[in-house]
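If you're matching them up, the sequences are chains A and B in order.
Reading the first sequence from the start, the letters are residues 0 to 427 in numbering that gives the first Met the number 0.
Reading the second sequence from the start, the letters are residues 0 to 427 in numbering that gives the first Met the number 0.
Calculated from the structure, these hints are not laboratory results.
No false leads were slipped in.
Some chain B residues flagged as far from chain A (calculated, every beta-carbon gap over 10 Å): (1) Q95; (2) L99; (3) A183; (4) A195; (5) G214; (6) G217; (7) D245.
Label pairs and their calculated CB-CB ranges: (8) A:A108 with B:A244: 29 to 37 Å; (9) B:E340 with A:D100: 26 to 34 Å; (10) A:L323 with B:H358: 49 to 57 Å.
We treat Cβ as the ideally placed atom computed from N, Cα and C, and that holds for glycine.
2 protein chains.
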Amino acid sequence: MSETASQTSDALHDAVQAQARAARQAATALARASGQTRQAALLAVAAAIEANAADLVATNRLDVEAARARDLAPALVDRLELTPERINGMADGVRQVAMLDDPVGEISAVRQQPSGLRIGQMRVPLGVIGIIYESRPNVTADAAALCLKAGNATLLRGGSEAHNSNRAIGELIQTGLREAGLPAESVQLIETTDRAAVGAMLAQDDLIDVIIPRGGKGLIERVSRDTRIPVLKHLDGVCHVYIDADADLEMAERIAFDAKTYRYGICGAMETLLVHKGVAAEALPGLAARLATKDVELRGCARTCAILDNAIPATDADWAEEFLGPILAVRVVDDIDDAIEHISRWGSQHTDAIVSNNHHKIERFLREVDSASVMVNAPTCFADGFEYGLGAEIGISTGKLHARGPVGVQGLTTQKFVVYGDGQTRGA
Amino acid sequence: MSETASQTSDALHDAVQAQARAARQAATALARASGQTRQAALLAVAAAIEANAADLVATNRLDVEAARARDLAPALVDRLELTPERINGMADGVRQVAMLDDPVGEISAVRQQPSGLRIGQMRVPLGVIGIIYESRPNVTADAAALCLKAGNATLLRGGSEAHNSNRAIGELIQTGLREAGLPAESVQLIETTDRAAVGAMLAQDDLIDVIIPRGGKGLIERVSRDTRIPVLKHLDGVCHVYIDADADLEMAERIAFDAKTYRYGICGAMETLLVHKGVAAEALPGLAARLATKDVELRGCARTCAILDNAIPATDADWAEEFLGPILAVRVVDDIDDAIEHISRWGSQHTDAIVSNNHHKIERFLREVDSASVMVNAPTCFADGFEYGLGAEIGISTGKLHARGPVGVQGLTTQKFVVYGDGQTRGA
Chain A
0 MSETASQTSD
10 ALHDAVQAQA
20 RAARQAATAL
30 ARASGQTRQA
40 ALLAVAAAIE
50 ANAADLVATN
60 RLDVEAARAR
70 DLAPALVDRL
80 ELTPERINGM
90 ADGVRQVAML
100 DDPVGEISAV
110 RQQPSGLRIG
120 QMRVPLGVIG
130 IIYESRPNVT
140 ADAAALCLKA
150 GNATLLRGGS
160 EAHNSNRAIG
170 ELIQTGLREA
180 GLPAESVQLI
190 ETTDRAAVGA
200 MLAQDDLIDV
210 IIPRGGKGLI
220 ERVSRDTRIP
230 VLKHLDGVCH
240 VYIDADADLE
250 MAERIAFDAK
260 TYRYGICGAM
270 ETLLVHKGVA
280 AEALPGLAAR
290 LATKDVELRG
300 CARTCAILDN
310 AIPATDADWA
320 EEFLGPILAV
330 RVVDDIDDAI
340 EHISRWGSQH
350 TDAIVSNNHH
360 KIERFLREVD
370 SASVMVNAPT
380 CFADGFEYGL
390 GAEIGISTGK
400 LHARGPVGVQ
410 GLTTQKFVVY
420 GDGQTRGA
Chain B
0 MSETASQTSD
10 ALHDAVQAQA
20 RAARQAATAL
30 ARASGQTRQA
40 ALLAVAAAIE
50 ANAADLVATN
60 RLDVEAARAR
70 DLAPALVDRL
80 ELTPERINGM
90 ADGVRQVAML
100 DDPVGEISAV
110 RQQPSGLRIG
120 QMRVPLGVIG
130 IIYESRPNVT
140 ADAAALCLKA
150 GNATLLRGGS
160 EAHNSNRAIG
170 ELIQTGLREA
180 GLPAESVQLI
190 ETTDRAAVGA
200 MLAQDDLIDV
210 IIPRGGKGLI
220 ERVSRDTRIP
230 VLKHLDGVCH
240 VYIDADADLE
250 MAERIAFDAK
260 TYRYGICGAM
270 ETLLVHKGVA
280 AEALPGLAAR
290 LATKDVELRG
300 CARTCAILDN
310 AIPATDADWA
320 EEFLGPILAV
330 RVVDDIDDAI
340 EHISRWGSQH
350 TDAIVSNNHH
360 KIERFLREVD
370 SASVMVNAPT
380 CFADGFEYGL
390 GAEIGISTGK
400 LHARGPVGVQ
410 GLTTQKFVVY
420 GDGQTRGA
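With the sequences and hints as input, model every part of the structure.
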């Protein structure tokens, strides 16, 4: 590295560290603030976003035009764009988060121990949360709102293509914070367009408590590789529906069709259908016909292809693939063991469902399938924080520690032990 | 690296990976096994340890003699030694874990959502747990028992100086597993004395779900640095007792004395005493006299030294130090804000206590001190899984995610969402 590059990199590291320190400071103030104050700040943020919608559209146009000039794919340009409608949606989202129950301060499971001490657990903020995300500017408001609701300070690093929009939204958030008497540093953007800023952020393991990457697999893998900070992450959603021999086949068709076609692009969309050999010949043709109305391509195992003329032979790669589109892998299995084994081998521990009326098999599936969500007689596309009653979600974790599945405000908190004594001692 | 070294290293990596794969396989069987079976296995392990106590002592003698021949420090040789009494203690410990409530399978917080789905959370094993520890051979039985109780498979890597003892204990554990009809691979030792085995273990992020290092700071830092697997770790225990202006001073003296002297070597021992300036002159002399009976050295701030003749001036390094011995840092603070700030700056987020009868100050301390355990009118040395009613502990986590403070069997499990439907769909 040349001396100049190394100096720039040191300067960048220092700048990011200074922001992280300010965030840590703000986190202390947030831990002291009442839930009412945090709620007031969020409502002020929502109002500021609405009041400045026109300016926001204008600023956003800079990003959109730059993206078009750089020939960004239309789908990416669309993600980038803030319409008045999307801005209202963003403000509504912040308001909804404001109105959620305050997760902070709850004390649970207090029990008196033989020593006479009463010991329980208090729910508290995590501290400083780093969010690294890609092109959608609305993530700036959504993520900051959830973190703030849970009493955390946030360091946000958005995609460079949304640079202007993110900065404008960040300023409105800080306006809301100030109005409520909270430190503006409670929500900070890492603003430099220098790509090394992410690395500088990932190095702050003394100051940042958790990193949440939101974006493609490349981003998530890079973040996991390059930091010692705990990472709440979402990897693949290779979700399965297993139609058991004891399924109501009409219900099974409805569930499988919905799991595939409700929305192709969500991580809870079914990617592989497993069907018990005893009902495959009866269940598959009707479902295939229905999926054909949506032009869903079927890739089947040999037994599937023997039943369905329009299925093309699947390869092993298809079992591992998250298609996120109108393609479905289909496999006929011998029994529930075969189904569970397939899911264990090829699945991504995200969301898997069984359709069955057999109590014993349902219990086995629920217990033995090691995924963040296991479902009975429901389509996998229900895997979502709103549907789960969490109010909102920062993401869906496919990790096992801390938070698994859809993560709401509670997943952005932790618990500490609280011990109430009256002068007890351990020594004689 | 020479070709031979590289081949050895590849072979080692493959061997460790094969063990991790076998552990993953065993974890699936454990997830299927009933709590009764896991309990029976643990009772069989305890019986096997007791029945083979004499052999165990003989095998252990090999390690002890080798350690003496290598001039290992007497304290380390003592840690290594298994007496008949310690072996009985080990068997009793396994039996106690066997009798704990089964943490697996509990379904909580099931609520019906607007969609009609009933959604709750089921407690399940984490999967495969890697334990890396130093010289005490009893950790082999303790850690394996806790992991097994929670339904996890375990890969154990103990210190090379306890090699023979660990292998013998590992064989007895596998005997117990087989007797109960569980796979012997549920608990495996990484047996090679090659130091690179730890690195090979840390590379198995596809197969190991969590790593728990138990040992000195060097070990824990190395493990955190070298793996992408989530780590449950315990760093320093720089614990504080703050004597507030509104404290019962007799109680304060009792608590501070106990927090320091109950046992110097535990992580919950008080290392720094903070005293409100308004009561310092009254509180400190009596406590100092009592600590003098135990030859505790006092290192004080200027105001402390003005009160106590026998205190020597403290340096900044003393505020950050985990003495683990008969030394205490003492600082007079202006008020509770000053105390909280000191703890925030110098503490290790382990365990901190306030002695006070002022409700408002107690509430502030509990809420604002960001430590795994916060205590009121109790000495910090109570920070312990047994005292907290957890039955046993795998360690005390100073991290914030997943498990904070003493970690018992519940901390070795995770929760997955269970969704019960009746054919509901999200589409029209």
